[in-house]
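Turn these sequences into a full structure, and let the hints guide you.
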Amino acid sequence: MNQIQPYVRSLADKYGRERECLLPILQEIVATEHVLSQDAMVEVAKELNLSAAEVYGTASFYSFLNTKPHGKYVIRVCKSIVAEMKGKKEIVDKLCDILKIRVGETTPDGRFTLLETNDIGWSDQEPSMLINEKPYTYLTPEKIVQIIAGYQANGKSNNHQQIN
Amino acid sequence: MAPSNGLKRVDVIFGAYASTKYLILQKSIRREKQEIIQDIIDSGLRGRGGAGFPTGLKWKFAAAQPGNEKYVICNADEGEPGTFKDREILMKVPQKMISGMAICAYVIGATKAYIYLRGEYQFMVPDLQMELDNFHEQAREMNFDLTIELRMGSGAYVCGEETALIESMEGKRGEPRNKPPFPVVEGFHGKPTVVNNVETFVNANMICRIGVEEFIKLGTQDSRGSKLFSISGDTPKAGVHELELGMKLSDFVAEFGDDDTKAVQVGGAAGFCVPRKKFDSTIIGFEGMPTGGSMMLFNSSRSMYHVLHNYLEFFEEESCGQCTPCRVGCQQLLLGIEAIKRQERPASYLNQLLKLSETMKIASKCGLGQSVANSFSSIVENYVEEMIY
Amino acid sequence: MKKQKINITIDGIKLAVDEQCSILDAAKKVNIHIPTLCHHEDLCVAGNCRICVVEVEGQRALSASCATPVAEGMVIKTNTAKVRKARKDVAALLVAEHNTQCTTCYRSMNCELQEIAAEYNVDNNTYISLVDPNYTIDRSSWSIEKDDSKCIRCQRCVRTCAELQHVNALTVANKGKEMKISTFLDLPLNEVVCTNCGQCINRCPTGALTERRFYDDLWDAIDDPKKHVVMNTAPSVRVALGEMLGYPVGTRVTGKMVTAMKKIGMDSVLDTDFTADLTIIEEGTELLGRLKKILVEGNKEVKLPMLTSCSPGWIKFIEHMYPNHLGHLSTCKSPQQMFGALAKTYYAEKMGIDPADVVSVAIMPCAAKKFEANRPEMNSSGYQDVDAGLTTRELGYMIRQAGVDFLHLEDSDYDSLMGESTGAGAIFGATGGVMEAALRTVYEVVTGREVPFDNLRITPVRGTDGVKEASIKLENLLDEWKFLEGVEVKVAVAHGLKNARIIMDQVEAGTSPYHFIEVMACPGGCIGGGGQPIPTNEEIRKKRIEAIYAEDEGMPKRKSHENTEVQKLYKEWLGEVNGHKAHELLHTHYTKRNRY
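Protein chains in written order, with the numbering used here: chain A, 1 to 164; chain B, 1 to 389; chain C, 1 to 596.
Rather than coming from a laboratory, the hints here were simulated on the basis of the structure. We put the beta carbon where it would ideally sit given N, CA and C, even for glycine. Treat the hints with caution; some may be incorrect.
To be verified - Calculated lysine-lysine pairs in the DSS-like style (CA-CA distance at most 25 Å, straight line):
no., chain 1, residue 1, chain 2, residue 2
1, B, Lys172, C, Lys180
2, C, Lys292, C, Lys581
3, C, Lys498, A, Lys46
4, B, Lys179, C, Lys5
5, B, Lys179, C, Lys29
Stated by the list, open to error - Take a look, some chain C residues computed to stay more than 10 Å from chain A by CB distance:
no., residue
6, Lys3
7, Ala81
8, Ala169
9, Phe214
10, Val404
11, Asp454
12, His580
13, Arg595
Here it is in structure tokens:
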């Protein structure tokens, strides 16, 4: 509480206290805290003069504004039909295997959360996934090993991105 | 049947030049606003997001609204499954889109514009912001008063619907509004607002560059111009391709299919499934089957039940949930085909579900809700045996 | 400027209506009924349920008549095959989402979905039930029960909580199939800022939101020969109960209600109006005391404006929303709680009954009274002062259950002790009533004269405006009150918590010009309470208010200080007004609560 309050205040100072500033504020909290905690939502409500329920109701509409804790790296594997056709299942299986978690879970060290998500805009290069905001495409189980190893070793790795 | 155009590749959207000096904008803001609006109307340009509303009319309505607080919003919430053409524009030629937005702002009298970018495209933000900084600098030099801000989505398909997008920009749940009033009358903050797709703005910019006469040489009578297609699925040529509108689907499949194409889903999960037997009689364009450009190809190894199941799972998750036909309807369609597959409901239950899809098309609140059952009805009607067995 | 009229045709009938008129309202004008669910006259337009769709010529899709404004030349058809099929389908979809336990539903036969489903001949099995077999009901609140399995997502409750009450305890959460009516983080109702006003209940079309029911417990008490059941009925119950029992809206059924309750077997049927009168004496004196402390003693601790404290929804609202301003509240308990405290002390003593055997039950127009009865501090009698607060609706069901033929009952009088009341007590049930009752007494106390209004009707504080103001100049005062000579007493009345917020924002900003403010949580005051018969709308509330004032004018005494039983209470038992014993039994304190 004590830490979240000045932080939320600084965000409100930065973005403003109008209703339209709600999403940018929530987005930044999720980006840094990996979760919208109860305390954070209450503080946002106070700053923007909204009810806490309104903040929660708005946040819960958006898939990326999670109110349950996520790991430092959120892996979102695309589950569109094309992704399925191109081998999404193998990718997810590989991720589960490496991370030793199931879809929807977070590794015990709090580093990775594995999720499936709707189309992320790379149907021409499936299977694809996002790790936080970064897209990875043309995935194979072998590539997954490398990508995750990169994150496990030292945060982000730039070697495996497939953007033309 | 209207004469088709054959398959013609064009290269105007990514080709030619994208001016970092915003020369087209410079030229345009010295022209009469009415003249530009008339050009856009005469060009026959229709919205490229899928709904196909005449762009010139939209601008004209917004320009005619009183008051000087107006907004331009670029809809970059590209969420339709199988669509990724805006991604390419945003990554490769954002100047053209920004220029189109600025021209729109000029003609309707807006000084504030927004790009609503889907959360999945967060990775583009640094580059886009850099281009916006450049734009603002150029605009200052031209003495042109316009600020363009980036706003991010956070994972909600329905925010691609223009009024839901506006709600989201206002910091609310992205639930579509009742229409009328339309955004050109009461949009962002209740003020006249033009919401256009990324590609539409690029086209508008293009019309200002090459002129109406050149533009209408592309496409057919009812479908002017070229279109970016997001091509995916069972195709050796997955990617973004620019083609003239008005082609026969059979010509398209000849070029992009894998010689075993069984069906093409035109327009994404909210679009229509066209089976092989109808390829020859289907025209891609406003005279036939309009599309936001998503073309998913399926070959004979694919189960259409599986395809439909995937789409329905998508919709029951991504419906905003406020109106009954879409919220409950999507769930019923999905549960219904599952129940039939498991033989818990008779095959005749498909007829009830087809009736439901009709209700969803005419009684849902927004354009998306009215189109979510398209894939259901077109797949079920053409592949009824795959649904039952 | 002349308003433009729009020419339209509905089902072949040509008419001209105002611009911005919805198709639904236009149809009403020519007596065409269109079914609705998410629509409610008190609330903004939603256009969500889609049951009200109609065909507009030239349009492929149907239009939601509640949300579509008319346009020149519009040709509308409300009863075509396309329309009927779509409506039936929409109803079938809602039925699939709804837990159709109609036989055991508290809202059965008073459920808008049930009615439409029957009208449209909907088969319960058209679609697959979406009800989670493991659903749970939130019964955490003393006042409100939330059963999501019966929710049809019309969002009336959310709009009520936001628009009418500015509380926003309820919200829409999630999207798609997960979309639901929720609280902050889906916490139980007793852990959030819910004021228990129950306005959401009154506007819920189904049984998803209902009051917690306690009438089975009351039956148990009635059946227990050891127990002495003392009932009291709030002023606004008598003008609304009839709606549940075959009478038109606005019928006063006071005498029949008393008869029915006696027939049911309640040991003593008394009147909350008695403690309403008592409240006026205590609260009026408190107000004069505050004025004296400020004007004569220069006391800076005393807070003005003083705020009324009879409405428990309002009390919980201020405790949550303005916790630093609780000092403005009158310390007087509500009439219900005064009654309870006296029932197990004064009444028990006078009647020679062991207070442990007294079961004190209040019949209230209110959901929040249930919570109030269970506040831990409400035990000044040494017992829980009020054993239960029942709603008007619960009493209606008890009367029906007992097989009493209400329409043909004789009238009876309330029992005594604590059964006498005045018109001033009766008008507590309408917005402005507490203020009017207080002014009738306070003015007379300080001047020795009646309030200078025709037939005691203090019209500036009557009516349904959200915030009403009045001022009254105090002149030619009795010696004891000379310090108030020339003071212009400014008062305000607010009803509906939205309006309470307006008043409180002024108090918070230090700009409130008033000395005394009446606040009622519910629109229209208690007659529009969360425990009143359903449906509610402006017209119904106005009729109930008219009935309340008629009740007042039919009373032989219309000023609280003339209530002889109240006078006797002070003389024989309580002692001084605002005195020690009065404070112990009739006054309370408040709790700061979390804003979020």
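Against the structure, the hints:
no.: 1; hint: B:Lys172 x C:Lys180; in the structure: holds (16 Å)
no.: 2; hint: C:Lys292 x C:Lys581; in the structure: holds (22 Å)
no.: 3; hint: C:Lys498 x A:Lys46; in the structure: holds (19 Å)
no.: 4; hint: B:Lys179 x C:Lys5; in the structure: holds (21 Å)
no.: 5; hint: B:Lys179 x C:Lys29; in the structure: holds (23 Å)
no.: 6; hint: Lys3; in the structure: holds (33 Å)
no.: 7; hint: Ala81; in the structure: holds (36 Å)
no.: 8; hint: Ala169; in the structure: violated (6 Å)
no.: 9; hint: Phe214; in the structure: holds (27 Å)
no.: 10; hint: Val404; in the structure: holds (42 Å)
no.: 11; hint: Asp454; in the structure: holds (44 Å)
no.: 12; hint: His580; in the structure: holds (41 Å)
no.: 13; hint: Arg595; in the structure: violated (7 Å)
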